[in-house]
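Chemist: Listed below are the residues making up each chain.
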Amino acid sequence: MLKLILRRLVQMVLIMAVSSLLLFAIFDTPEFKKRLAVQELGGFAVSALTEESYKSWLAGRGLDVPFHQRYLNWVGNILSGDFGFSYEKNRPVGPLLADRLANTGILAFFVFALMIPLSLILGILAGMKEGSLQDRSISFISVFTTSIPEIASAILLTVIFALGLGWLPVKSAMIGGFSFRELVLPVLTLVIYDFGYVARMTRASMAEVMTSQYIRTAILKGLPYRRVVMRHALRNALIAPFTLIVLQLNWLLSGVVVVEVFFEYNGFGKLLLEAALFPDVEVVQACTLVAVAVAVLSQIISDIGYTFLNPRIRFA
Amino acid sequence: MSTNKTTNTMHPKVREAQEQMDSGRLSRREFVRYAALLGVGAGAAYAMAGLPSPAIAQDAANLPFPADDPNAKAGGILKVAMQVQKIDDPATFSWTQASNQTRHMLEYLAMTGPDNVTRPMLAERWEASEDLKTWTFHLRKGVKWHNGDDFTAEDVKFNFERWTDPDLGSSNIGLSSVSAMVEEVDGKKRLIDGAIEVIDEHTIRFNLTKPVLSFPEDMYNYPTAIVHRGFKPPLDNVINGTGAYTIAENVVGDRCILKKVTEAGGQPFEYWGGTVFLDEIHYYNFDADNQLTAFAGESVDAIYDFGVEQMELAKALDGEIIAARTAQTLCCRMRVDAAPFNDERVRKAVTMAIDNAAIKPLVYPEGGDVGENYHVAPVHPDYEALPPLTRDVEGAKALLAEAGHPNGITITIDIGNTDGPWHQTAAEAMRDQLKDAGITLNINVIPASKYWEIWTKTPFGATAWTHRPLGTMVMSLGYRTGVPWNESGFASAEFDAALDEAEATLDVETRKGLLAKASKILQDASVMVLPIWRPVYTMASKSVHGYPAHPTQYHQFNKVWMS
Amino acid sequence: MSAEAAEQVPVLECRNLCISYYTRAGEIPAVVDFNLKLMPGEAHGIVGESGCGKSTVALAIMQYMGRNGAIVGGEILFEGRDMRQMSEEELRQIRGSRIAMVYQEPMASLNPSMTIGDQLAEVPIYHDGLSEREALARAEEMLAKVRLPDPKRILASYPHQISGGQQQRVVIAMALLSNPKLLLLDEPTTALDVTVEAGIVELINEIAEEFGTSMIYISHNLGLILETCDRLTVMYSGEAVEVGDIHDVFDEMRHPYTRGLFGSIPLPGADKNAHPLVAIPGQLPLPHERPRGCNFGPRCTFFRTGVCDAGPLPMHAVPGDADHRVRCERFEEIDWNRDLPKGEAKPPVEPGDVVLSVEDMTKHYLIEEGGLFVVGGSERVVKANEKLSFTAREAETVAIVGESGCGKSTFAKVLMGLEDATDGKVMLGNVELGGLPVQRRNAETISKLQMVFQNPFDTLNPSHSVGSQIARVIRKFGVASKDEEVEAIVHRLLDTVKLPRDFARRKPRQLSGGQKQRVGIARAFAGNPKVVIADEPVSALDVSVQAAVTELLMDIQRQNRTTMLFISHDLSVVRYLADRVVVMYLGRIMEQGTTEDIFAPPYHPYTEALLAAVPIADTRIEKRHIVLKGEIPSPTNPPKGCPFSTRCPYMMPGTCDAELPPLRDFGEGHRILCHLDPAELTAMEPVIKPKSEAAERL
Amino acid sequence: MAVTEIQSGPSLLDRLSRPKPVIALALLLWLPLTAYVMFGHRLGSGAQNVLLPAIPATVLLYVLGVRAFRESRVAVIGLTLVFFWLLMAVSAPYLPLMDPNKPIAPFTTPFTERGDLFFWLGTDFKGRDMLSRMIWGCQRVLVWGVTATMVAYVVGAMFGLISGYLAGWWDEIISFVANVLLSFPVMVLFIVILNYLGPSGFNIVVAVTFASAPAIMRIVRGLALDIKTRDYVYAAQTRGEHPLYIMIFELLPNVRGPIIVDACLRLGYTTVAITTLTFLGLGLQPPDPDWGLMIRESARTAMLWKFSYMLLVPALAVSSLILGFNLLADGLREMSLRD
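Chains as they are written, first to last, in our numbering: chain A, 1 to 316; chain B, 317 to 879; chain C, 880 to 1577; chain D, 1578 to 1916.
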């Protein structure tokens, strides 16, 4: 087990190295540098710049040194805990990223807090009686909701609850500080898109377990149905969904981009998009690292969880 | 200060102007304009013109601001939706938004009001020599910096020196006034010695190499905010200004919080501009698309602006739509040195095939003026209408054939939508019209940031130009031979000469003519399709009073109050 | 006895039980008119081929029909009460306490994520209201009762941590925990190795005596039934066709199917030349395609239209024996002694000269753990094959016998060139194959050596037509290239495997298991191979089909004088068709020699145990009773010294578990790898002998 | 013409529903549509004529599909949704629609009449007819979505087979690369790639390939690992077949089944991705209509109850298409489980 984790961590570092190097190479192209200058000085000004003053600008930004060197410095800084500086936002990436991650963290927390119980319960209910009406209706609902992309559900919810009924604010910029009312729509959007998927997986795994021979054994042992479900079925049925849910963390990082942009919610996803378009190299870098880290760590967590839930692997 | 004192020191031209006015050759408003511009307190000028002064403060201090609203309430926070940008160095501002963030802290020598009249601000008054080559600015006394220092001529000198330092990359160097203090020594611009003379603590004189008319207007150009003589970028390190407010917090892309200044260098701070009502001004970052929705969501009391495509939405909202007629425009210019546009006939064909009057309503159903393919707007005082353009499809075809494109030509225009999607709408409208003349227009839409990479280079591109108070200004910024922002590469000695002449002339009638001459040269050269002079729309909630509609969206909230 | 039986209430009685499944195709009767009466302490066997409905009966008794199954008629009386009338709660209380069940796959029937202790404890907790501790205590002693070593450890461990045999013992223990009246055993040993199976069977018999539990034993293996049961029901495609005491049914069977069954299993005395097996023609009808009247009709030699296909057939009591009943209209007309099924004898084949010779062939695997980016990946050696040496001659059948992990499939891989031999020589004719991977072999060598596979459902590629798959071989081996030639050959091959030619166009899923195996054989012989390796070619087939395929295989071999390596774990089949036998254990050859040598003393102790373990469905045969202790060690860490030493009854501490035994030669290539001295070995009694003789001895 | 063919009796249909003709029909539907959308502007005027053969092909395919899937109601519903949009895509030029790019009457609410024109779904802020924009909009999503998915599958399946069957170092390397790609959240990958390559349909194909190929590769790899233990593969090996032959003729046909189901799901994801990316401004570019674009353009103007139709129309359209794909996938899975 430890070996596995170690293996993954090593992989993580490798992946981070590879990807960040690639990104650096990409963002080192003259076009990107020019774009940066334009963003910072404005198109008029940049074209007014003489060649040398542009050079001096690059120098001032430290963009004149070859990128491998810059990369090494950057890596050095990262190791010393310095994530670089955001050109666009004009502040160190570290705290910036921290703020945004915190916001996204809040979002994610509520999403999971809603999504997990909802999807698991529905999934179990559906899987317990495969083919029953309850199963078919739950399955259909989940297919239906997963078929509405975030952007669409964001729109639907906004139109209904914000524009139509006027219960909730249209945007979630939270300029007046944190507000639950503004959090509702983003959370709902993400939950709607995601719970169906998990629910279906849970259903599948539950259904499979319920038809397995050891459940037959348990029933023919004369155990009460509740005991069979709670003690024998659930644990085995939840192994798959569990790992899935943890991996949803990774998925969420994609999901939030749209939602945050649509709702103007100042989180990780919005930051990433803005940075990429700006192009705010070091922010993109940092975001990517975080993303990779989240991905791999969630992978590790799900591995650990899987082995923990599944004795076959635990004592192999 | 008394009116006659003003008249004593009145610039001779003012009398002349008054005569013109009396003889009806000069509209009263125009008279007021350059009475003010020649240093007459606007109040006095209005008086002379016999106009009801539009709530301009009558007191001797001739403040540039509107008079206090008697039932104004002090206090309150004004929340405005606007892009919150980086404000490291006012001299290198590229966007109005940035200057708005600082405008209530860092002030200007002059101030152009919503009425497009420029009045003294940090300057108390100014005088121009007959030949308009020497300008003397008398600075307002008793203006204090937030750190307690007095505002003096040294501060002004310091700023001019910065602006003229080419390495700073300040766009101010392109201003006709500033550029007239600069000489070019082996390819490097530098300030001419003696161009700036500090006469005394509160008097400073500028000696120019050529007559400049628009000096006062230049002094309210967004990057010409006056910073303290000790200023070193970035601004955050030296939060200091002369304004009624100071920046308490500026988080790029998030918010900019301005608070009323109460004490300066230990003593209570006494703002030179009289009472201000708001306690705080908050700018919250919303990109252009979302400002109106933010307003709709009641997150903010006012917004920077909204696009015409949002008009319907705005109308449906509960608030006041404020529109201003401007000289902001979209200049679809063709680079005269790039194929196929290096052939004037092609350019002509393009302009001939397009009917601006037909395009305008498609793009801006409400407000705005029709452009005439040269860069002077009807709102400019020195605008003179040229013979109206007529669409001539056949002529266009003929020219094309002559230019060697008998069966049409395909051209591509780069659209950055830098000023909103209406660029694209305009381009699409053009495409439909060009079709008739056998010209196929491909519309290449690229992200704004990408557009700015190529705006001077692309053979055919649509660049947004902002409003400038005088017609001569953009003409010399954008079309003089070899100036940095000459995006069309247009080079005509004749044009430059005509423009020089215009800029050297005060008399509006004559100047109109001269400018018209230059304009004609530009128009005939068919350098651009300039279809529209756009209006700007902004919006404020009913609880905001005195929210100004400024043609360049320069925010000036000193007299704004909230109920 | 009968008087006693009269007042006794049967533990279980099924009356005209009818069970159906509901599928998209509609209602499909799985079991029709099934009757059964089980007296206390009685053990009743149900035997039949796959799909005959025997497991369905068991589940029906448990009242567990799944979602799409239902009991549509008849009644099931448990101790006189109709279970169909019971409430769920009543059923629950009966299940697991009064009626318990043992399943075919122990691994799958145990909950992988619960400790065995918990799973066992549940039963007393829920049925006898014991506390957790008491329950565990009882579980522990029960584990001891089913002869599981170190019960404490097992209680604490998870199913996957113990071997298959132990798992099955656990399942049995679970069934016995609350001392049930009735025990249902559904193919309890099918998934296990022969020697392990023997242990389980022994256990079951002891239980029967110790607890006096009535048992229903379901199996496809007549031999097992004979060893465990008093009475027997023979089922065929959803119907019981014959019921009676074991001996009545075995010795005086009165149903053509029963007799066909016996005719098609290789009993001692059966001989591929003198008395070849007689297969039952045709194949099982699909449940929804059952004929009118007698289901066996279409395959029955005594079939008579108007009689056998008149309509539903009742059971008839055999005159003079009320307990012996058959579902046949004509059983009284048939002369059961005259019309014995008899295959025509064939002349024995003279083996030619040596085709394949294996000398000290050794195959070791290196197992590295992990791969890329692994910190400290370790290595282990698995000795799959150790110094195998034997020869096979033309037209000869050499059987390689052994249980799982004995390395027979590895050996096949090496032969086929999918693995390189680590050491030693493998000569096919004069070509050395050991170090010659298949890619480097030329078409001729490859075509000389072909294989018939075990699993009929795997042997053909589901997405290509039968014809194309055979054709591919023909082209590949350059037998022919022109389309029409190829097609001709394909048809010829289909003829030789007795399949209609239009099968060429069919997809594998349209074929039955037997037919697939035939195609597999056709494919193997397409390139006229010299040597064919048959890896348990029939073990996955139904008994009645087995015979047919086996016969077919041998006919073709006979015609082409092919050498056949017949890999199998089933000694009775081996005895029937092999000329020479190689017995393997943990990658080593324990004993080899002619079939006669192997099946008569001197034995290798392992061979002896193996022989004793194989159940024989012949009442006239007496078998010595030897049950090996423990399980087969994993080949990854074989015991020191003699690999068999851990289980050997003759184990001599100090020698057997210390050094490798010597190879003792008893002439005519009969060699035994054992420490026991030749005298001892020769002195061994034969494991199998005719009853009468045995009687004299006693 | 399609109609008459159908009337000419089931025998023809049966003949058609064999694999080869179905593929032919699919191509007949697909190639013109792709050509039209990708290179339409090059084809110049009369470009829409290439779509003529596609229309009957679509109808015919739909009929065949319904016949094939009639067991599963879900699948049929899905099929209907998908083919509705396909039909719209191929017949858009022939439908009596207004020019989707022509500004007529801004902010016309649905079901209202302006002048002599009736707007079923109203017009957007530029006054372009929503109905025709919606219908035209499906073309690009469909074409780019399917193309991207197909490319991703070719790549993914190829690598999956290799790493699954050949294992060893091949597997180690391919799997590592896959892991690298998989450990980026999809959106991050999209953003980075498209930001680098610049927004365009072709680049979307690239991005989608990068994003989904690894997952596909994993699936195929898993299947390959399972199938390669089957005796028929063993047989092929012992026949001395070349690994390539085994991969293509023995493995590939048998991974097809499970993959098709996954493909339908993935088509859904890709559609989501394209719409989302376009909304974020990284995807398809104006002015031609596209659902994502319609949302993007309206998001700024329609934030009001009475204008919400501008957002709802494209949102519902895209959802219905994705729902179609998902239901189809479900149906297929259902059927594959049955037998």
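Simulated from the structure, these hints should not be mistaken for lab results. A couple of the hints might just be wrong.
As the list claims (entries may be wrong) - Straight line, CA to CA, 27 Å or less: simulated DSSO-like cross-link-like pairs of lysine-lysine: (1) A:K55 / B:K766; (2) D:K1597 / C:K1386; (3) A:K34 / B:K631; (4) B:K631 / D:K1597; (5) A:K33 / B:K473; (6) A:K34 / B:K473; (7) B:K576 / A:K34; (8) B:K473 / B:K504; (9) C:K1266 / C:K1409; (10) A:K33 / B:K548.
Chemist: For every hint, state whether the structure bears it out.
Modeler: Hint check results:
A hinted pair counts as satisfied when its Cα atoms are at most 27 Å apart, and K55 (chain A) with K766 (chain B) qualifies at roughly 20 Å. With a C-alpha separation of about 17 Å, the suggested pair K1597 (chain D) and K1386 (chain C) falls inside the 27 Å cut-off, and the hint holds. Simply put, K34 (chain A) and K631 (chain B) have alpha-carbon atoms about 40 Å apart, too far for the 27 Å limit, and the pair is violated. Note on K631 (chain B) and K1597 (chain D): the hinted pairing is violated, with a Cα-Cα distance of about 60 Å set against a maximum of 27 Å.
Simply put, K33 (chain A) and K473 (chain B) have alpha-carbon atoms about 34 Å apart, too far for the 27 Å limit, and the pair is violated. Of the pairs offered as hints, the one joining K34 (chain A) and K473 (chain B) is violated, with about 33 Å between alpha carbons and a cut-off of 27 Å exceeded. At roughly 39 Å between alpha-carbon atoms, K576 (chain B) and K34 (chain A) are farther apart than 27 Å, so this suggested pair is violated. Using a Cα cut-off of 27 Å, the hinted pair K473 (chain B) and K504 (chain B) holds, with the two alpha carbons roughly 20 Å apart.
For a cut-off of 27 Å, the pair hint linking K1266 (chain C) to K1409 (chain C) stands: about 24 Å separates their Cα positions. This hinted pair checks out: K33 (chain A) and K548 (chain B) have alpha carbons roughly 25 Å apart, not beyond 27 Å.
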